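Asker: Next come the chains, spelled out residue by residue.
Protein chains: 2
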Amino acid sequence: MDYVTGIREVQDKELEELAAGGLFGQEVCVKGAVRAVRDRGEITCVILRKCRGTLQCLIRKDQTGIRLHEGMTVKVSGILNPESRAPGGFELEVREAEILSSPAPGTSMPLPVGKWKMNTSLETKLSLRPISLRNLRERAVFKIQEGIVRGFRDFLYREHFTEIRTPKIVAGNAEGGANVFRLEYFGKKAFLAQSPQFYKQMMVAVYDRVFETGPVFRAEKHNTVRHLNEYTSLDFEMGYIESFRDIMDMEAAMLQSVLAFLQQEYEKELSILSVQLPDASRIPSVRFDEAKRLVSEKYNRKIRSPYDLEPEEEMLIGRYFKEEYGSDFVFVTHYPSRKRPFYAMDDPEDKRYTLSFDLLLGGLEITTGGQRIHMYEDQVKKMWERGMDPAEFENYLMIHKHGMPPHGGLGIGLERLTMKLIGEENVRETAMFPRDVTRLEP
Amino acid sequence: MDYVTGIREVQDKELEELAAGGLFGQEVCVKGAVRAVRDRGEITCVILRKCRGTLQCLIRKDQTGIRLHEGMTVKVSGILNPESRAPGGFELEVREAEILSSPAPGTSMPLPVGKWKMNTSLETKLSLRPISLRNLRERAVFKIQEGIVRGFRDFLYREHFTEIRTPKIVAGNAEGGANVFRLEYFGKKAFLAQSPQFYKQMMVAVYDRVFETGPVFRAEKHNTVRHLNEYTSLDFEMGYIESFRDIMDMEAAMLQSVLAFLQQEYEKELSILSVQLPDASRIPSVRFDEAKRLVSEKYNRKIRSPYDLEPEEEMLIGRYFKEEYGSDFVFVTHYPSRKRPFYAMDDPEDKRYTLSFDLLLGGLEITTGGQRIHMYEDQVKKMWERGMDPAEFENYLMIHKHGMPPHGGLGIGLERLTMKLIGEENVRETAMFPRDVTRLEP
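From first to last, the protein sequence lines stand for chains A and B.
Be aware that the first sequence starts at 1388, since it is given in my numbering, and climbs by one per residue.
Be aware that the second sequence starts at 1388, since it is given in my numbering, and climbs by one per residue.
Next up, chain A with everything else stripped away, as it sits in the complex:
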C-alpha cells in the first residue's frame, strides 16, 4: 500500500532560509517567477519574485543556454553569495536553470508589474487585478491586511473570545433599511447578511465573548471612496460588561496588540510602503454633541443638524484631535438614539442619546459599537416605539426572553482600517477584488 505521511523534504529554499546566512558559499536551489531581466553583456541579471521578497540571480549566457523573460516561472540552482547591493544582501550565481512554465507565446505583461511603482490609474489596476497584484507594492497591502486580521484573532483568543461562523444567507434584515441584497432561496425570499449582529448576540449567551471575521454585504448605491458593497467585517461581542466603556477599552487594547504585531511580523511590508503606524496607546474620547460643538467653534462651521454627523464633520473631528491632542484615533460616544438601530441601549440619563460609539481614524469612521438592550421588555418596548412588530423578530427575541447578560460589541470595516493605516485614499485600494456599484469583476 502507498501511504501519505506528510511533507517530504524539499530541495528548494525560501528567502527566509537564504537570508539566515548559513548557506552563503553553498549550492542552493530556488523556485520563483521572473520579475525582471536585465541584460549586462555576458551576464544576465534576473530578478525572481518570491512570496515576500525578491532574489537577484546572475546568469552567464554561455552557462545555461536558456533565455528567461518576464512571467516565466523557473527553478534555478547555483552558489549563494553575499552581495550588499542586492535585495536582502545576497545573490545567486546560477549554474543550472530550468523553465517550469511560460506565459502564452506572443504576449507581454499588460502592466509594468516588475517596476517599483506602476504609475497606472486605479481603474486599470482594478480591471487587471490578477496581474497588478503581482507588483511588490500592491501585494504588500494585502499582506499587511492579513496581519491585521491575524493580530485581531490572536488577541481575542487570548482574551477568552470564541470564534463563530454565522450564516450569510438570512431571512431577516438586521440593520433595517433598504440597502440589502435580495435573492431567491428555493422559492423563499432571502437576503445577504448586512452584519452578523443578531447571531453574535445569540452566541454571547453561549460563549460569553465571541468574534467573527467574515464578509458582509450592503446594497448601498453610494459610489464614494469609502464605500464597498461587499467588505470584511471584524466583529466582536462581549457579555457581562459593566458599561459600554468596556468595549472601547477592549478595542483600544486590541488595536495596541495588532499594531505591535504588525510592527514585529510585517516590518518588511510596512517598509515597502513606507508606513508609519499610528499610536493607539491613549485614544481621546469625546461625546457626540461635544465633538460637534468643538469643530463648529474651531473651524467656524455651522451645525446644520444636531443629530447627524456629516462626512465633512467626521473629517474635522479627526483633524481637531490630531491638531489639539496629537491623536490619529478618536472615540466619539453617545450617538443620538434616532441614528442608531433598535437594539442600541439608550442612555438612562438622557434617552435622546445611546450608550454607543464610533471610532474614527484619520477622520473616517472605522468602527461602530455600543451596548445592546439585554432585557426582553425593554427591547419589545423600543420595537413598538419604532413601529416594528416584535412578532417578526421571534427568533432574535428568543435570546432576550430566555436570559441575556448585559452585553455589547462592535464591528470594524477591515478595508477602511487597512486604508487608513497605510495612508491610502480609496477603499478599493485595500480590497483584494473590490465590489462596488459598477464593479463585479474580476
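I should point out that these hints are in silico values taken from the structure, not numbers from a laboratory.
All of these numbers come straight from a predicted model, not from anything done at the bench.
Hints are not guaranteed to be accurate.
Calculated lysine-lysine pairs in the DSS-like style (CA-CA distance at most 27 Å, straight line) [stated by the list, open to error]:
no. : chain 1 : residue 1 : chain 2 : residue 2
1   : B       : Lys1689   : B       : Lys1738
2   : B       : Lys1608   : A       : Lys1575
3   : B       : Lys1504   : B       : Lys1655
4   : A       : Lys1576   : B       : Lys1512
5   : B       : Lys1400   : B       : Lys1448
6   : B       : Lys1769   : B       : Lys1738
7   : A       : Lys1608   : A       : Lys1655
8   : A       : Lys1575   : B       : Lys1512
9   : B       : Lys1768   : B       : Lys1738
10  : B       : Lys1738   : B       : Lys1608
11  : B       : Lys1685   : A       : Lys1575
12  : A       : Lys1768   : A       : Lys1726
13  : A       : Lys1608   : B       : Lys1576
14  : A       : Lys1576   : B       : Lys1608
15  : A       : Lys1400   : A       : Lys1502
16  : A       : Lys1502   : A       : Lys1462
17  : A       : Lys1512   : B       : Lys1575
18  : B       : Lys1575   : A       : Lys1608
19  : B       : Lys1400   : A       : Lys1576
20  : A       : Lys1512   : B       : Lys1576
21  : B       : Lys1576   : A       : Lys1576
22  : A       : Lys1575   : B       : Lys1576
23  : B       : Lys1738   : B       : Lys1709
Starting from the structure of chain A, add chain B where the hints point.
Answerer: Here is chain B on its own, set in the frame of chain A:
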C-alpha cells in the same frame, strides 16, 4: 480629556484562574449564567455556566435573600473551596449575589439546556438554536470547530501560506453547473460564489501559496445528511508543486498538526463529547479505479458506472480501508476527467483520468483537490473540448496568459470534517446555523 487606554483590571475571574488553585480559601468574584438550581433545604446549589465549563456555587438562603433561577445572569462573590465532587474540583461558598439580568417574567426554558443530554429531536434543536446551543454538549461541538480552523490557519502560516479574502458576489460560475444562487446586483446578474477557486489560483501567482477560510454557497436541492447550502470551505492552493502528491503531503501534515492542536488545546471539549480523534500519521492512497475494484470484490458489489463513485461506494471504500489497513482516512486518486472541472489537469499517462484526489474520512468525502492546468494553451484547448468559450473567461485566463507556476490545491468542507471527527451522523449538527433546502432560520 478623557482617554481610553486599554483593558482595565477586572474584578471577576475566569474558570481557568479559579482552576489554577492559587485562589483556594480566598474571596473571589465570578459572573455567569444560571444553568441549574438545586434546592437542598438550607442550602441552594447553583450551577453557573461560564465560557468553557461550569462553577458550582453554594448559597445559604438566609445569607443573600436572593432567589436565583435558570436563565438569570449573576455576579457572585464568596470563598473558593476545593471540592472533589464539583466540576473542576472546586466550589464557591457564596456570600453576596447580585442579579445582572433575568429572563422575561413568566417564561421557562423551552429546552432542558441545563441537562447533560437534552434528548430532543434535531428539528427542535435547530429551530431553537439560539437556546439549544447553551447546552454544554451542543456548544462543545463549535468550540472544537473553532479549533479545527485555528489549527488549519496556524499550520499554513508556518508553511508560508498567505491568507486571502476573495469576493462572494461574483459575475461567473467557477464550477459550472446549475447549483448556483442568483442575485440582482445593481441591474446586473450576479451569483454567490460556489468556491474561491478562480481567485485562489489568481493569488498563487502573487504569493506562491494562499489559503482562505470562508463561506461558500451551493444551491443544491439535495436534502441529505451530508449537504448544506451554505458551508465553510477551508481552501488552500500552492504553486511550484512537482506533482499533485505535494498537495496530499501538505494536507496530511496539516491534519496531523490540527489533530495534535485539538488534543492539546481542546481536550476539555473532546472529553465532554467523548471524542477519540483518528490517526492521520499514515494515510493510505489508492487509485479511483483500483478502489472501485477492491470494494466490488470484497463486498460483492457490481460496478455500475466505471466513471462515477456513488455515496454507497464511498462508504464501502472507507470501510475497506478501516478493515484492511486500520485507517479512518483514505486518499482516492486519479478521478475520471469527465467528473472533474475544466481546470483539472489530466494525467499525461492516461488522459481519461486527472491528477486529482478526494480524501475520505469514515467513508465520506471531506476534501476534493488536485493539480490545475497552468499553461494557457492547455487550458484554452480543454475549454474548447468541453464546449466552453474561452472569451467568457477572460479575467480568469489572464493568469495563464501572463504566467502561472505549476500549482494545485484543495477544498475541505469544515462541517463535514467536524461531523466525522466528533462522530455525528448529520452535517446540520456541526453547522452553527445550518442552511438547507427548507431551513433559512434562525
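Asker: Confirm or reject each hint.
Answerer: Hint check:
1. B:Lys1689 <-> B:Lys1738: Satisfied, since the Cα-Cα distance of roughly 25 Å is no more than 27 Å.
2. B:Lys1608 <-> A:Lys1575: 14 Å, holds
3. B:Lys1504 <-> B:Lys1655: With a Cα-Cα distance of about 17 Å, the restraint between Lys1504 of chain B and Lys1655 of chain B holds, given a limit of 27 Å.
4. A:Lys1576 <-> B:Lys1512: At roughly 23 Å apart (the allowed maximum being 27 Å), Lys1512 of chain B and Lys1576 of chain A satisfy the hint.
5. B:Lys1400 <-> B:Lys1448: 24 Å, holds
6. B:Lys1769 <-> B:Lys1738: Holds, at about 11 Å.
7. A:Lys1608 <-> A:Lys1655: 37 Å, violated
8. A:Lys1575 <-> B:Lys1512: 22 Å, holds
9. B:Lys1768 <-> B:Lys1738: 14 Å, holds
10. B:Lys1738 <-> B:Lys1608: Not OK: Lys1738 of chain B and Lys1608 of chain B at ~32 Å, beyond 27 Å, violated.
11. B:Lys1685 <-> A:Lys1575: 46 Å, violated
12. A:Lys1768 <-> A:Lys1726: 18 Å, holds
13. A:Lys1608 <-> B:Lys1576: It holds: about 16 Å lies between the C-alpha atoms, which stays within 27 Å.
14. A:Lys1576 <-> B:Lys1608: Given that 27 Å is the threshold and the Cα spacing comes to 16 Å, the pair holds.
15. A:Lys1400 <-> A:Lys1502: 25 Å, holds
16. A:Lys1502 <-> A:Lys1462: Judged against 27 Å, a Cα distance of about 22 Å means the pair holds.
17. A:Lys1512 <-> B:Lys1575: Given pair Lys1512 of chain A, Lys1575 of chain B holds - Cα atoms ~22 Å apart, limit 27 Å.
18. B:Lys1575 <-> A:Lys1608: Since the Cα atoms of Lys1575 of chain B and Lys1608 of chain A sit roughly 14 Å apart, the hinted pair holds (cutoff 27 Å).
19. B:Lys1400 <-> A:Lys1576: 45 Å, violated
20. A:Lys1512 <-> B:Lys1576: OK: Lys1512 of chain A and Lys1576 of chain B at ~23 Å, within 27 Å.
21. B:Lys1576 <-> A:Lys1576: 17 Å, holds
22. A:Lys1575 <-> B:Lys1576: 19 Å, holds
23. B:Lys1738 <-> B:Lys1709: 31 Å, violated
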